[in-house]
Every structure is written in structure tokens, then in C-alpha cells.
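For the protein sequence lines, the chains are A and B, in the order given. Position 40 (the first sequence) corresponds to 39 in numbering that gives the first Met the number 0; numbering is contiguous. Position 174 (the second sequence) corresponds to 173 in numbering that gives the first Met the number 0; numbering is contiguous.
Among the clues, some could well be false.
Said to hold, decoys possible - Quick list of in silico lysine to aspartate or glutamate cross-link-like pairs, DMTMM-like style, CA-CA up to 20 Å:
| # | chain 1 | residue 1 | chain 2 | residue 2 |
| --- | --- | --- | --- | --- |
| 1 | A | Lys30 | A | Asp68 |
| 2 | B | Lys5 | A | Asp131 |
| 3 | B | Lys5 | A | Asp124 |
| 4 | A | Lys30 | B | Glu197 |
| 5 | A | Lys30 | B | Glu72 |
Honestly, the hints are just simulated from the structure, not real lab data.
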Amino acid sequence: MMAGIILVCSVVLFLQFFVFYCRSLIAVSAKQALSPEVQEVTGIQRTASGDDFQRVMQLLQLCPERREDRNGIQAIGVYFGLLNFLHATLARLVPSMHSWTELERGQCTYFAAVALERRISFSRDMLARQMDA
Amino acid sequence: MVCALKRGAFRRYLPLNLWMILELLSGVSRFYVLHSFGFESREYAYFYYYSEALTTIGLYFALSSLYAHVLEELKVESYVRMAAVLLLAGTAIFSYLIVRQSAHLMSTRFVVEMSQNLYFVGLVLTYVLWGAILKLRETRTRLIQFVLSLGVLFSLFAANYAMRNLYPDLRWLWGSLPQLFDCFLPLAWCYTFLRIPEEARITPARLAVAPR
Numbered sequence: 000m001m002a003g004i005i006l007v008c009s010v011v012l013f014l015q016f017f018v019f020y021c022r023s024l025i026a027v028s029a030k031q032a033l034s035p036e037v038q039e040v041t042g043i044q045r046t047a048s049g050d051d052f053q054r055v056m057q058l059l060q061l062c063p064e065r066r067e068d069r070n071g072i073q074a075i076g077v078y079f080g081l082l083n084f085l086h087a088t089l090a091r092l093v094p095s096m097h098s099w100t101e102l103e104r105g106q107c108t109y110f111a112a113v114a115l116e117r118r119i120s121f122s123r124d125m126l127a128r129q130m131d132a
Numbered sequence: 000m001v002c003a004l005k006r007g008a009f010r011r012y013l014p015l016n017l018w019m020i021l022e023l024l025s026g027v028s029r030f031y032v033l034h035s036f037g038f039e040s041r042e043y044a045y046f047y048y049y050s051e052a053l054t055t056i057g058l059y060f061a062l063s064s065l066y067a068h069v070l071e072e073l074k075v076e077s078y079v080r081m082a083a084v085l086l087l088a089g090t091a092i093f094s095y096l097i098v099r100q101s102a103h104l105m106s107t108r109f110v111v112e113m114s115q116n117l118y119f120v121g122l123v124l125t126y127v128l129w130g131a132i133l134k135l136r137e138t139r140t141r142l143i144q145f146v147l148s149l150g151v152l153f154s155l156f157a158a159n160y161a162m163r164n165l166y167p168d169l170r171w172l173w174g175s176l177p178q179l180f181d182c183f184l185p186l187a188w189c190y191t192f193l194r195i196p197e198e199a200r201i202t203p204a205r206l207a208v209a210p211r
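So here's chain B without its partners, still in its complex pose:
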């Protein structure tokens, strides 16, 4: 966020910066709850998963804003927004249908399930966006790096949740990895804001060249 302000790109990439503010607030408040109630407490567990769901939704909207940037020449911003809301609602309903059997744990299981599904939906959407970048020959380096770093983050989280379901005995490991993953995106975006000027251009097709 500071890097974006420094480079005068705060408003241009407002949803990304808002997500970073949300992430910061969520981190600070998680620390406060952890400090007040302890790591093993129910309060911390609830707060952790609810704040996680909130930041995931925030990241999902940051991704939809990148769609709007890539497709800005097609003037389909309102459609992108509507599709994002519909997909979010669809994911929430799907998550509800999965957890509705366990009514006593529903509120907590619902947010975990929704975060998990949103990460996978986010990953698929980022891949589609990358396809659109290649197809539309988008050349803005900043935008390309934002999308690729988002893809890395979504895939890390989706893989982590899948591992968590496959190997529940190692829950302590899958529970601690997200703290590491969370550092990646702010650092990657900070690098992009500081090092890549808005006018920098790159040919995305060259990044996808495979050896022949």
C-alpha cells in the first residue's frame, strides 16, 4: 500500500490496495485476539476463520478488478462485477449444501468450506484471466505480474486445503503454512509497484514459450 502510494498508483489499483489494508487490519486484530484469549481458545479459532473468509472474499474482488483492467477496452466492467457477485453467491450456496448436514458446527464449517472453495474458484478464474491476457495480447508488465502472483497465491492455498483434507493428521502443518503464504502477495506486489513502472511493457506469449 505504501509502495503504491509512493508510486502514485493507489487509486489506479484501488481494490488491490483495499485488500492489503483489509489484510493488515485482519492481521493486527488476529494478533489482538490471540494476545487476549490465547492460541487454543475458541474465540481465536472463530475469529481466525471468519477473518480468513473475509480476506478471501476481498481477494476475490481484487481478482475481479484485474479482470476489469484486462477487459477495459471491451467495456464489460458491469458484466464482470455481476458475474463476480453471482459466482460468489454460487460458491456460498455450494458450500452451504456441503456442510448443512452438520448443523451444530455449521457456522464454523461453513466459513472454512467457503474459503476453501473460493480459493479454488479464484485459482480457476486466475487461470482463465491468464488465458485472456495471452489471447488479448495484454502487455502491461505490472498487470501481468499482479495476475501471475495472484495465481501463485491461489494455487498455494488451494493445494494446502487439499492436503489438509487428504492428510488431516498433519493439521498442525497445514494450519501454519498459510501464515507463510500470506507474506508472498504483499511482498510481490510491493516489488511490482516499486520496480515496474506503469508504462513498462512485456510480451506475455514469450513467458509461456516452451523448449522445442
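This is chain A alone, in the form it adopts within the complex:
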């Protein structure tokens, strides 16, 4: 009985903390502007669409991975999955939820685009260093 109560509390609080944590990661990246180059590659100008998320993630996987980014990207990937689930189920019944999930999914895509920008500039720095050596 006690373990059941603790489990329910933990799962509810986990979902809350996880969503807030992901949204804090997204909020930080939303303040960063994309370079024209990344805008061209991803097709994102100002606002991003959730439908582009997988494509941007594929582009992201083409670049050398950075350890410190991995955790955030994975967390946003899981959050995007959660939003997709809501989008396909609850959001069909509640119109306000539909527009909210759409907005959040777009912000996840923007987060991935910012991560792509970072990886590109990291790869470029690495290449420049190799050329110098």
C-alpha cells in the first residue's frame, strides 16, 4: 500500500520535473538565433515545425557527437515522443491542447537546430585546428 502511494507520487512528480526540465532546456535555446547557413540547411527561419524534428535530428546525427550535448538532446527526444503521444491522443479531443503540443513540438525542433549549429561550429573548429597542426 505504502509502496504503491510512493510509486504514484514519484511517477507524477517525475513527469512534472522532467517536463519542466525539458522546457528549461528549450527556453534557453529559444533565445539563440540560428545562423543563415543552418537556417538554409534546416529550412527553419523564425519558427520551427514539429514535423521537421526527425529531419533535423538526422542532420544532427551526421555531425560528430559532443558528450555534453548528448544528455540534453536525448531528454528532448523523449519529451518530443511524449508530445507526439499527446498530439495523437488527448490533443484530438481538446483543441487548446492541440495548439500547445504543436507549439512545443516546434520548439523541440528549434532546440535540435541550435544543437546542430553548435555541432557544426565545433566540427569547423576541430578542422581548423587540424589544418593548423
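Chain A is already provided as a structure; the job is to place chain B on it using the hints.
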């Protein structure tokens, strides 16, 4: 820890960095004991649970240091410290009362019970801290991310311990998940130290906005 040093934030968030050092030392020594005595050995089991209890206490104090950061303007640091020690003692006594019937297994069961209870207490305290952040309109992004990631970790561990009590047959699964969870916090904090400057600000109320 390296990330904090790189960003010059080692002393500012000293308890968090000390916890990471403790976690590193505990990981290395666990590996040594595992290598020397084997996975099935009694020595490894004892060492694992005792080191787990120690790092949980360390994490609990890291959480209380975050309280001190959030409430620093109210100048209640000494009260926070005292409350943390009292709550820790209370949790230890409560755990003792639960396990005192089984005297032959008391030392091992006590540390497991205490870790388990501390994770739940830590989760509740993190939630209260998150409430304080919203109420006091704390805007430091780094601090907010530290608290949220700590909340994620505490809730994962508390849920894992609850599952362990509910489904003891799957002990092998509940026993292996903590190794995965343990990776989360150092990586999340590394990201925060490297990517979020100390002066970055965010409105926490915006994170909690629900669709209307």
C-alpha cells in the same frame, strides 16, 4: 566537476561538486571491490549499499545547499542547515524503527531502508524547493536547472525503490536501473555548467504554463 572548474563555478556550487567527487570515488571503489571479490560476494553487496547510503546523504546535503542559494536573500542559511540535519536524523530514526524487528539483518537492511526513505524525502524537499522558486520568482537559469534535474533523479530513484517493494521478483531489473540513473545527474550538471552562463535568466512560471 571539470566543467565547473572550467567555468569558474567550483566554489560557488561547492556542495554539488563535492557530491560529484564523492560519486566518482564511490564508483571507483565499487569497481575495485567488484573486481577483487566478485559480483555475487557479500563484500560487494555490503560495500555497494553502504556507499549508496553515503552518496545519498551527500546528495541530500547538496539539495540543502540549493535551498541556501534560493533563500540566500532571506538570510536563513543556518536554519536550513539545522533543518536538514534534523530531517536526516528523523529519517534515520524512522528507518531504524522499521527494520528493528529483524536484528540479524539490521545493519544491511537499515542502510537500504534509509537510502530508500532519503530518496523520497529528497523528492518531497525538491518539490517544495521548486514551489519556493516559483513563489520567490527565482530567475537564475543554472539554479533552476540544478533543482529540476535533481527532482528528476530523486523521483526516478524513489519510483525504482517503490517498484522493488511492489515486484520483488524483478529484483535484477530494479537493481540494474540505478546505474543508468546515476549517469543522468553528472551529465545534466555538466551541460548546465558548460552551456548556461551564471548570469543567464529565465522566468520559471513560464515553464509551468499549462495549455488552456
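Structure-based check of all given hints:
no. : hint               : in the structure
1   : A:Lys30 - A:Asp68  : 17 Å, holds
2   : B:Lys5 - A:Asp131  : 24 Å, violated
3   : B:Lys5 - A:Asp124  : 19 Å, holds
4   : A:Lys30 - B:Glu197 : 16 Å, holds
5   : A:Lys30 - B:Glu72  : 28 Å, violated
Comparing the model with each numbered hint stated earlier shows that hints 2 and 5 do not hold.
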